[in-house]
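K.L.:
Each chain, written out:
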Amino acid sequence: GNSVTQMEGPVTLSEEAFLTINCTYTATGYPSLFWYVQYPGEGLQLLLKATKADDKGSNKGFEATYRKETTSFHLEKGSVQVSDSAVYFCAFLRYSSASKIIFGSGTRLSIRP
Amino acid sequence: DVKVTQSSRYLVKRTGEKVFLECVQDMDHENMFWYRQDPGLGLRLIYFSYDVKMKEKGDIPEGYSVSREKKERFSLILESASTNQTSMYLCASRARDTEAFFGQGTRLTVV
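Read top to bottom, the protein sequences are chains U and E. My numbering applies: residue 988 is where the first sequence begins, and numbers increase by one. My numbering applies: residue 7 is where the second sequence begins, and numbers increase by one.
Just chain U, same shape as in the assembly:
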């Protein structure tokens, strides 16, 4: 069935460290892929997206590349900041009139000053 598997947290890093949060998906066809971020006490915000194979989504220094051959969409940032502390969700969607968005379980990231 359709599912998303992402790295379990919590992940704790020091400021300026390199970040990778792994995400793989199981889906038929060619879904669009997303990373959402949830800051404390808030709803989810779209961080970045990619709609076809080999697309790279990027925003706020974060990047993720749609890898069809490995069905992966790993989130990376070269130098994290304290303000990046949040929960990150990987998700996918096959666009149609009534598609559900499939979310991973979320990865909590904490950055130490």
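The set of hints was computed from the structure by calculation and includes no laboratory data. Remember, it's a predicted structure, so these values are computed and weren't measured experimentally. Backbone N, C-alpha and C fix where the C-beta goes; we use that ideal spot for every residue, glycine too. Hints may contain errors.
Stated by the list, open to error - Capping the alpha-carbon separation at 30 Å, the derived lysine-lysine pairs in DSBU-like fashion look like this: (1) U/Lys1087 / E/Lys61; (2) U/Lys1087 / E/Lys24; (3) U/Lys1055 / U/Lys1039.
As the list claims (entries may be wrong) - Covered by chain E, according to a simulated footprint, are these stretches of chain U (three or more residues, beta-carbon under 8 Å): (4) 1028-1034; (5) 1090-1097.
What the hints assert, rightly or not - Distance ranges between label pairs, derived from CB positions: (6) E/Ala101 / U/Glu1056: 22 to 32 Å; (7) E/Ser86 / U/Thr999: 39 to 49 Å; (8) E/Lys9 / U/Thr1013: 41 to 51 Å; (9) E/Pro67 / U/Asn1046: 30 to 40 Å; (10) U/Phe1005 / E/Glu75: 41 to 51 Å; (11) U/Gly1016 / E/Gly46: 28 to 38 Å; (12) U/Ser990 / E/Arg102: 17 to 27 Å; (13) U/Thr1007 / E/Gly46: 13 to 23 Å; (14) E/Gly46 / U/Ala1014: 19 to 29 Å; (15) U/Ser1070 / E/Ser86: 38 to 48 Å.
Start from chain U and add chain E according to the hints.
P.N.:
Frame of chain U, contents of chain E only:
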């Protein structure tokens, strides 16, 4: 900018009460969703709607119902609130070819 607005940020209700959570979006989106979020369980889909008066059960519909009388508004109803429904509730909407946009969430406590 797309705006999805949930009527309350925080709610405290008593066991057995009927509870209404309201969500309004301003971008004429066809699809609307209600999720609950619990520690360690991620986001779980309760119900979604792909058109006015149309609804489908998600993964955990028990104890909930929904109403979509107008395109912009999607209501989640807890018929008889119980303590195990204490959670963060998130509403989302999207058009056919866009990503989902989320409201700010409603933290519901049932005492």
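K.L.:
Can you let me know if the beta-carbon spacing of E/Lys9 and U/Thr1013 is within 41 to 51 Å?
P.N.:
Once the Cβ atoms are compared, 33 Å apart, the range 41 to 51 Å for U/Thr1013 and E/Lys9 is violated.
K.L.:
Report holds or violated for chain E covering the region 1028-1034 of chain U, Cβ cut-off 8 Å, minimum 3 residues.
P.N.:
Three-residue rule met by the region 1028-1034 of chain U, so holds; n is 6.
K.L.:
Please test the hint of 41 to 51 Å on the beta carbon pair from U/Phe1005 and E/Glu75.
P.N.:
50 Å, holds
K.L.:
Indicate whether the distance between the beta carbons of E/Ser86 and U/Thr999 respects the range 39 to 49 Å.
P.N.:
The hinted range 39 to 49 Å holds for E/Ser86 and U/Thr999, with Cβ atoms some 41 Å apart.
K.L.:
Need the status of pair U/Lys1055, U/Lys1039: alpha-carbon distance at most 30 Å?
P.N.:
8 Å, holds
K.L.:
Using the beta carbons of U/Gly1016 and E/Gly46, state whether their distance is inside 28 to 38 Å or not.
P.N.:
30 Å, holds
K.L.:
Cut-off 8 Å, C-beta pairs, minimum 3 residues; does the coverage of the region 1090-1097 of chain U by chain E stand?
P.N.:
holds (count 4)
K.L.:
Return holds or violated for the Cβ distance of U/Thr1007 and E/Gly46 against the range 13 to 23 Å.
P.N.:
22 Å Cβ-Cβ, so the 13 to 23 Å window holds.
K.L.:
May I ask you to test the hint 17 to 27 Å on the CB atoms belonging to U/Ser990 and E/Arg102?
P.N.:
23 Å, holds
K.L.:
Using the beta carbons of E/Pro67 and U/Asn1046, state whether their distance is inside 30 to 40 Å or not.
P.N.:
Once the Cβ atoms are compared, 34 Å apart, the range 30 to 40 Å for U/Asn1046 and E/Pro67 holds.
K.L.:
Has the given pair, U/Lys1087 with E/Lys61, been kept, meaning a C-alpha gap of at most 30 Å?
P.N.:
Roughly 12 Å separates the two Cα atoms, so the pair holds.
K.L.:
Taking 22 to 32 Å as the stated bounds, is the beta-carbon spacing between E/Ala101 and U/Glu1056 within them?
P.N.:
With Cβ atoms ~30 Å apart, the hint holds.
In this structure, only the earlier hint numbered 8 is contradicted, and the remaining ones agree with it.
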